[in-house]
Amino acid sequence: MIARAESPIRHLIRPALWLLVIVPAIVLAAQLLLDQLGAEPIEALEHASGKWTLRFLAASLAITPLMRFTGWGWMLAQRRFLGLAAFFWAMGHLSVYIVLDQFFDWPAIAEDILKRIYITLGMLAFVLLIPLALTSTKSSIRKLGGKRWNQLHRLVYVSAIAGCIHFLWAVKKDLTEPMLYASVFVVLFALRFLFRKPRSRKPKSVPPDASVSLPAA
Amino acid sequence: MLIRRPDDIPFSDITPETVYQNRRAFVGTAGALALGGLIAPSALQAMRFDRGTQDDKVTSEEDATSYNNYYEFGTGKEEPKELAKDFRPMPWTVNVEGLVKKPRPYSFDELVGKLPVQDRVYRHRCVEAWSMVIPWQGVQLKDVVARCEPLPSAKFVEFTTLYDPRRMPGQARAVLPWPYKEALRLDEANHPLALLATGMYGKALPNQNGAPLKLVVPWKYGFKGIKAIVKIKFTDKMPNTTWNDANSSEYGFYGNVNPLVDHPRWSQAKERRIGQFLKIPTLPFNGYASQVASLYSGMDLRKYY
Numbered sequence: 125m126i127a128r129a130e131s132p133i134r135h136l137i138r139p140a141l142w143l144l145v146i147v148p149a150i151v152l153a154a155q156l157l158l159d160q161l162g163a164e165p166i167e168a169l170e171h172a173s174g175k176w177t178l179r180f181l182a183a184s185l186a187i188t189p190l191m192r193f194t195g196w197g198w199m200l201a202q203r204r205f206l207g208l209a210a211f212f213w214a215m216g217h218l219s220v221y222i223v224l225d226q227f228f229d230w231p232a233i234a235e236d237i238l239k240r241i242y243i244t245l246g247m248l249a250f251v252l253l254i255p256l257a258l259t260s261t262k263s264s265i266r267k268l269g270g271k272r273w274n275q276l277h278r279l280v281y282v283s284a285i286a287g288c289i290h291f292l293w294a295v296k297k298d299l300t301e302p303m304l305y306a307s308v309f310v311v312l313f314a315l316r317f318l319f320r321k322p323r324s325r326k327p328k329s330v331p332p333d334a335s336v337s338l339p340a341a
Numbered sequence: 015m016l017i018r019r020p021d022d023i024p025f026s027d028i029t030p031e032t033v034y035q036n037r038r039a040f041v042g043t044a045g046a047l048a049l050g051g052l053i054a055p056s057a058l059q060a061m062r063f064d065r066g067t068q069d070d071k072v073t074s075e076e077d078a079t080s081y082n083n084y085y086e087f088g089t090g091k092e093e094p095k096e097l098a099k100d101f102r103p104m105p106w107t108v109n110v111e112g113l114v115k116k117p118r119p120y121s122f123d124e125l126v127g128k129l130p131v132q133d134r135v136y137r138h139r140c141v142e143a144w145s146m147v148i149p150w151q152g153v154q155l156k157d158v159v160a161r162c163e164p165l166p167s168a169k170f171v172e173f174t175t176l177y178d179p180r181r182m183p184g185q186a187r188a189v190l191p192w193p194y195k196e197a198l199r200l201d202e203a204n205h206p207l208a209l210l211a212t213g214m215y216g217k218a219l220p221n222q223n224g225a226p227l228k229l230v231v232p233w234k235y236g237f238k239g240i241k242a243i244v245k246i247k248f249t250d251k252m253p254n255t256t257w258n259d260a261n262s263s264e265y266g267f268y269g270n271v272n273p274l275v276d277h278p279r280w281s282q283a284k285e286r287r288i289g290q291f292l293k294i295p296t297l298p299f300n301g302y303a304s305q306v307a308s309l310y311s312g313m314d315l316r317k318y319y
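So the protein sequences, as listed, match chains E and W. Numbering-wise (my numbering), the first sequence opens with residue 125 and increments by one. Numbering-wise (my numbering), the second sequence opens with residue 15 and increments by one.
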């Protein structure tokens, strides 16, 4: 049953994910050009790009538990793609902040990062994604070795937590939405913990996928 | 009008670590930045933005009536316009209470009717570091205060927003301790700049902007400008105010616009004028210092924020 169901998904998943990354960006750009982002388009872009970052981060973290449930090993190929998608949205988010919001006012940006803890955490969340994006190539996996690569990529947990607190702290009073995002990550972390692989002496955890053709990173 | 640019942040405040961190971020985003930096600003300016200027051009009516902080009608900026569209402000009664000659309910007309109508174009500075320029119509608050006949012992005046979750759906959730309350010192209330707005852009005050009666105190942050006022109470003690109760380290009783006193989570040195691209410097007392600074002479404005 599963074997039969998986094959169309398997072939459609990558184009579908590409669409998922690109379409929101196109929609936002169109809304911006058509002046459909309200009175404060810069804030709207900032919020949208930040939320897409968290969504793709959550999606990439959902792959491992999903594979353990379904046994669909080919899903692993999507994990780095989704992680890179999160990184690109994070770059967009940071670019909106630096270019549109602050317009390269470096002293103000430095002050923000130093003094406003939620921005400090946002920067931390982004900076932690940089080594992960840089080592997202097949050759990096080979160079580092699967075990060390996996260890390095555990930074994504710290980044996700920092990202969630960044969102929670940025909000003035109504915490509903950031709490919703944070609880998704809590569930994802809990699933990883509950359905972790039993400890063994042999190579463990999910092997990094070396079989995938990647978008340039 | 006093126009003084706030001091730049001293360079000594910036540590090498931060510069280093910034630089890494910059390298990481170089591509997007180069593209964004070249295209976005010019494109945005061509589309809807002017460059940041201090010339106080009136904000578009569309923006001023669709980007509102009015948690009684939802915490999103665009929600009040939608959720308040069926709100019927009339008939309206305001209870005048406390240290007055004769506490009693006033109809809307009794309270503001036949007072000289004022046309005032004021800068509006939100504590969230955005701002607008809004043409208000209304009456001077001091005329209303006089009509209420406060006793000599009255030192403060407290305002309360309508509490009616059936009419104000945002009140179904305890986002803030309802009903919303704000207050002024009596000398602030009697300042000629303080206004009770009943209209804007030459029309009746829209529901999402606080119909039928909204306080406008242009030298203070927008949260002081309480909306849909149903109670005016005169007291001899400093009243509690809603945002101060909700988070006293971030929102003080006075709420005077002050570029030198940052909000704990963001700088107040600059603001984005809605409709403009570049941020502009925020002025002490929102540019009304020459008129109002004397109200606070001798006060430590860092302490009384």
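By construction, these hints were calculated from the structure, which means they are not laboratory data. C-beta atoms are modelled at their ideal positions from N, C-alpha and C, and glycine is treated no differently. Any given hint might turn out to be false.
[As the list claims (entries may be wrong)] Mimicking PhoX-like on lysine-lysine, the simulated pairs with C-alpha atoms at most 25 Å apart in a straight line are:
| id | chain 1 | residue 1 | chain 2 | residue 2 |
| --- | --- | --- | --- | --- |
| 1 | E | K296 | W | K91 |
| 2 | E | K297 | W | K156 |
| 3 | E | K297 | W | K284 |
| 4 | E | K239 | W | K128 |
| 5 | E | K296 | W | K317 |
| 6 | W | K317 | E | K175 |
| 7 | E | K297 | E | K175 |
| 8 | E | K239 | W | K317 |
| 9 | W | K169 | E | K175 |
| 10 | E | K267 | E | K175 |
| 11 | W | K251 | W | K156 |
| 12 | E | K297 | W | K317 |
| 13 | E | K296 | W | K284 |
[Stated by the list, open to error] A few chain W residues that don't get close to chain E, going by computed Cβ distances all over 12 Å:
| id | residue |
| --- | --- |
| 14 | D69 |
| 15 | A78 |
| 16 | N82 |
| 17 | G88 |
| 18 | E92 |
| 19 | R134 |
| 20 | V141 |
| 21 | W144 |
| 22 | S167 |
| 23 | L190 |
| 24 | N254 |
| 25 | A260 |
| 26 | I288 |
| 27 | L309 |
| 28 | D314 |
> Just checking, N254(W) versus chain E, shortest CB gap more than 12 Å?
Replying inline: It holds; N254(W) is separated from chain E by about 17 Å at its closest Cβ, greater than 12 Å.
> CA of K296(E) to CA of K317(W), is that 25 Å or under?
Replying inline: Between K296(E) and K317(W) the Cα gap is close to 22 Å, so the pair holds against 25 Å.
>> Verify this label for me: A78(W) is non-interface relative to chain E, using a Cβ-Cβ cutoff of 12 Å.
In response: Check fails; 8 Å does not lie beyond 12 Å.
> Are K297(E) and K175(E) close enough, with their CA atoms no more than 25 Å apart?
Replying inline: holds, 18 Å
>> Verify this label for me: E92(W) is non-interface relative to chain E, using a Cβ-Cβ cutoff of 12 Å.
In response: violated, 6 Å
> Looking at L309(W) again, its CB stays over 12 Å from all of chain E?
Replying inline: It holds; L309(W) is separated from chain E by about 27 Å at its closest Cβ, greater than 12 Å.
>> Tell me if the straight-line CA distance from K239(E) to K128(W) falls inside 25 Å.
In response: With Cα atoms ~51 Å apart, K239(E) and K128(W) exceed 25 Å; violated.
> CA of K296(E) to CA of K284(W), is that 25 Å or under?
Replying inline: Holds. K296(E) to K284(W) sits at ~18 Å (cutoff 25 Å).
> Given the hinted pair K297(E) and K317(W), is their alpha-carbon gap at most 25 Å?
Replying inline: Roughly 23 Å between the alpha carbons, so the hint for K297(E) and K317(W) holds.
>> According to the definition I'm using, a residue is off the interface if its beta carbon is farther than 12 Å from all beta carbons of the partner; does V141(W) meet that for chain E?
In response: Label violated. Min Cβ-Cβ 9 Å, cutoff 12 Å.
> K317(W) and K175(E): Cα distance at most 25 Å?
Replying inline: Not OK: K317(W) and K175(E) at ~36 Å, beyond 25 Å, violated.
>> Tell me if the straight-line CA distance from K297(E) to K156(W) falls inside 25 Å.
In response: violated, 33 Å
Violation of the numbered hints given earlier is confined to hints 2, 4, 6, 9, 10, 15, 16, 17, 18, 20, 21, 23, 25 and 26; the remaining hints are satisfied by the structure.
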